[in-house]
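Participant: Residue numbers (this note's numbering), protein chains in the order written: chain A, 1 to 447; chain B, 1 to 259.
No lab work stands behind these hints: they were computed from the structure.
Treat the hints with care, as some may be off.
Computed beta-carbon distance windows for the label pairs [unchecked claim]:
1. E388/A / E60/B: 45 to 55 Å
2. R426/A / N255/B: 40 to 50 Å
3. R419/A / G16/B: 35 to 45 Å
4. R327/A / Y207/B: 46 to 56 Å
Partial pick of chain A residues on the chain B-facing surface, computed with a CB cut under 7 Å [said to hold, decoys possible]:
5. A82
6. D90
7. E256
8. L386
9. N389
10. Q390
11. R395
12. S396
13. R397
14. L407
15. F412
Think of the CB as a built atom: it goes at the ideal place given N, C-alpha and C, for glycine as much as any other residue.
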Amino acid sequence: MSAPARETHGTAWAEDAAAFQTGAGRRVAPWIADFRKLGLDGFRELGFPAPKQEDWRFTNIAPIAGARFPFAASPGPGVSSASLAPFLFDSPDWTRLVFADGHFVSSLSSIGEWDGADIQSLADIMPSGHPVAERHIGQCVPTGTNGFTALNAACLNDGVYINVGEGETVKKPVLLVYLAVRDEPFAAHPRNLIIVGDHAQLTVVELFVSLTGGAHFTNALTEISAGRRSVVDYYRIQQESPLAYHVSSVGVRQEELSSFSSASINLGGALTRNNLSVELAGEACTTVMNGLSIVDGDRHVDNQTALDHASPRCESEELYKAIVDDRARSVFNGKIYVRPGAQKTDAKQTNRNLLLSKNATVDTKPQLEIFADDVKCTHGATVGQLDENQLFYLRSRAMDEQTASQLLTYGFANDIIERISLEPVRAYLHRAQSSALHTAAAIGDLQ
Amino acid sequence: MEPILRIRNLHAEVEGKEILKGVDLIVNPGEVHAIMGPNGSGKSTLAQVLAGHPAFTVTEGSIIYKGQDIQETAPEDRARDGIFLAFQYPIEIPGVSNSTFLRTGLNEVRKRRGLPELDAFDFVELVKQKAAMVQMDQSLIDRPVNEGFSGGEKKRNEIFQMAMLEPSLGILDETDSGLDIDALRIVSDGVNQLRSPDRAFVLVTHYQRLLTYIVPDFVHVLFDGRIVKSGGKDLALHLEEYGYDAIKQEADAANGVSN
Ligand SMILES: Nc1ncnc2c1ncn2[C@@H]1O[C@H](COP(=O)(O)OP(=O)(O)OP(=O)(O)O)[C@@H](O)[C@H]1O
Ligand SMILES: [Mg+2]
Chain A
1 MSAPARETHG
11 TAWAEDAAAF
21 QTGAGRRVAP
31 WIADFRKLGL
41 DGFRELGFPA
51 PKQEDWRFTN
61 IAPIAGARFP
71 FAASPGPGVS
81 SASLAPFLFD
91 SPDWTRLVFA
101 DGHFVSSLSS
111 IGEWDGADIQ
121 SLADIMPSGH
131 PVAERHIGQC
141 VPTGTNGFTA
151 LNAACLNDGV
161 YINVGEGETV
171 KKPVLLVYLA
181 VRDEPFAAHP
191 RNLIIVGDHA
201 QLTVVELFVS
211 LTGGAHFTNA
221 LTEISAGRRS
231 VVDYYRIQQE
241 SPLAYHVSSV
251 GVRQEELSSF
261 SSASINLGGA
271 LTRNNLSVEL
281 AGEACTTVMN
291 GLSIVDGDRH
301 VDNQTALDHA
311 SPRCESEELY
321 KAIVDDRARS
331 VFNGKIYVRP
341 GAQKTDAKQT
351 NRNLLLSKNA
361 TVDTKPQLEI
371 FADDVKCTHG
381 ATVGQLDENQ
391 LFYLRSRAMD
401 EQTASQLLTY
411 GFANDIIERI
421 SLEPVRAYLH
431 RAQSSALHTA
441 AAIGDLQ
Chain B
1 MEPILRIRNL
11 HAEVEGKEIL
21 KGVDLIVNPG
31 EVHAIMGPNG
41 SGKSTLAQVL
51 AGHPAFTVTE
61 GSIIYKGQDI
71 QETAPEDRAR
81 DGIFLAFQYP
91 IEIPGVSNST
101 FLRTGLNEVR
111 KRRGLPELDA
121 FDFVELVKQK
131 AAMVQMDQSL
141 IDRPVNEGFS
151 GGEKKRNEIF
161 QMAMLEPSLG
171 ILDETDSGLD
181 IDALRIVSDG
191 VNQLRSPDRA
201 FVLVTHYQRL
211 LTYIVPDFVH
221 VLFDGRIVKS
231 GGKDLALHLE
241 EYGYDAIKQE
251 ADAANGVSN
């Protein structure tokens, strides 16, 4: 067998990660050092995913593998509360943790009094032993899943640790803002470890934004462990620069009767790849997975979801939508496994794509593997242009063709946004999607 | 007096298939015309052609609205000039609230009429007033257009929109189908309130019942793409009793079809 191509193998990335591990500024406890080493060994073995791997067939990550994004040793210059202001959802009272170029910035963050949860930057818990974090890290997203998850572990530097106590309800949403600040190319590998106890409730909003239009690489990873009867709402908004590379790996494990609801909104990035996997480990869980991507130019977005119905009587509903313009490409792959014994599973998956240009591309693939007999699983995928009858309906109500098209396109996306229960997030996304779609202000203002 | 609508020898086709085969109709201000006819005879086609649906091609004849030939007029301009079509099957628009939809359209219509845009406050007031007219639940205003509406709610929403846009010519395509008895009365009351000497209505219906609430000046029977019989409101009663058989035979005889 021939050796993998150099850029796929990521030798230079491994060297950088090794240099980071030996040179990293702050001292870390042995469990962190061991975890990083596990990541580096994994990455050396796995390299970056190759296009011949089934799950990476449509997304060529050579531009990442072949580039060199150095680790940013400190937050970039000039980040201030003024630059942060547009990204706070007009909700200054929310708990927030702000990261600049991958580093926690405590002066911009606001972690209030104990509100039912232990919330800290991951860097803050790294200098000493931490049995809970140690037990959970790498559980929901195994380090050896692929080269990106291994690299994230190898470069473990910062992120968020949230532990919601049993029966606690964290009343205000926890907002995590990841700012790309510096102009020069850099890589950040934020990692979040979220543990929600039995009967506990938590809402987390992750927001990724670039303050400049430069190229950078985000390799984010979030692990969420949802205890029995817990309720977790998880929103993820990616608005990085049109030159940014963004890879995310989110893993969720749900215990009995828990409810997990997510929305993944992708408005930025040159190349975006999101992996979301949810394991329904306990019985009678509910899972909602919504997604919206808006891509134009030569941009590329790839959403891979995997839902593991490992227990009986769980319900899942998944709706991913994409609006694809110019020469952009959107990929969707939705896996649903129904394990033997997972009877009374009720799974529904829908993927809808709106093509605004004849040069835009969509690849959509449902992948259902069902090993139980008493289950209800439905899936559907559509790829199409604006509907002629809808257009006519709007025009018959006095809207010109362009306004009608814009309103329909807006509505196509808004359908996902309206499913978000947090009003400030909806308001923020109404504005964000208007600008992503270049919608006339008159339409955006009406919402 | 200038008719609001004058249709002459109108032929229209869709996907190469001729549906309208020479329709003639004159509608004067203040009048209500009912169009009846068997399934598939072309009633909705006529309604959609009047509203300007691009899927239909007019191959012959003319549509004169307020003295202007509107064949080349875009649907939105027809709407701004006062033509309103209440759809037989109202369309669902996910993600767009009923109020956004209506406010955008209403402001276009107002612009054409030389009126200023309504601000949010005045819009809400107008919505309240018009929704009350058709007893439409306020909660439907903030929901996505027609999505998840019951059949009756969709029809009511059409009449509500018509009340908001105050057209000169209201074309109601089977608005009565799917309405319960109370809703039929309420919707009819709404239409009757909109009746005025300078406004006209064309009602497509299968049922005489609607015409006891909204009493028409004329009743026409559309059969195989032509109006084959016209009369007063009694014609509807006659049809209710005897069906279309006699008319079909007359029409076939006139066309030289034997059976
Ligand atoms: N878009 C289309 N493509 C092909 N055929 C069409 C289309 N629209 C209408 N037709 C055909 O034109 C004919 C007339 O249809 P239309 O909807 O006008 O009938 P209608 O009189 O309104 O019937 P109903 O009473 O059932 O509503 C039918 O045979 C129908 O199948
Ligand atoms: Mg019809």
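Participant: Would you mind marking each hint as holding or not holding in the structure?
Facilitator: A quick look at each hint next to the structure:
1. E388/A / E60/B: 45 to 55 Å: 24 Å, violated
2. R426/A / N255/B: 40 to 50 Å: For N255/B against R426/A, whose Cβ atoms are near 60 Å apart, the range 40 to 50 Å is violated.
3. R419/A / G16/B: 35 to 45 Å: Given a distance of about 42 Å, which is inside 35 to 45 Å, the answer is holds.
4. R327/A / Y207/B: 46 to 56 Å: 53 Å, holds
5. A82: Violated. Min distance 30 Å.
6. D90: Nearest chain B Cβ about 19 Å off; hint violated.
7. E256: 31 Å, violated
8. L386: Interface hint status for L386/A: violated (11 Å vs cutoff 7 Å).
9. N389: Hint on N389/A: holds, closest Cβ of chain B at ~6 Å, below 7 Å.
10. Q390: Holds - the Cβ of Q390/A comes within 7 Å of chain B, reaching about 5 Å at its closest.
11. R395: 4 Å, holds
12. S396: 5 Å, holds
13. R397: 4 Å, holds
14. L407: Constraint on L407/A satisfied, holds at 6 Å.
15. F412: 6 Å, holds
Hints 1, 2, 5, 6, 7, 8, counting from the list given before, are not met by this structure.
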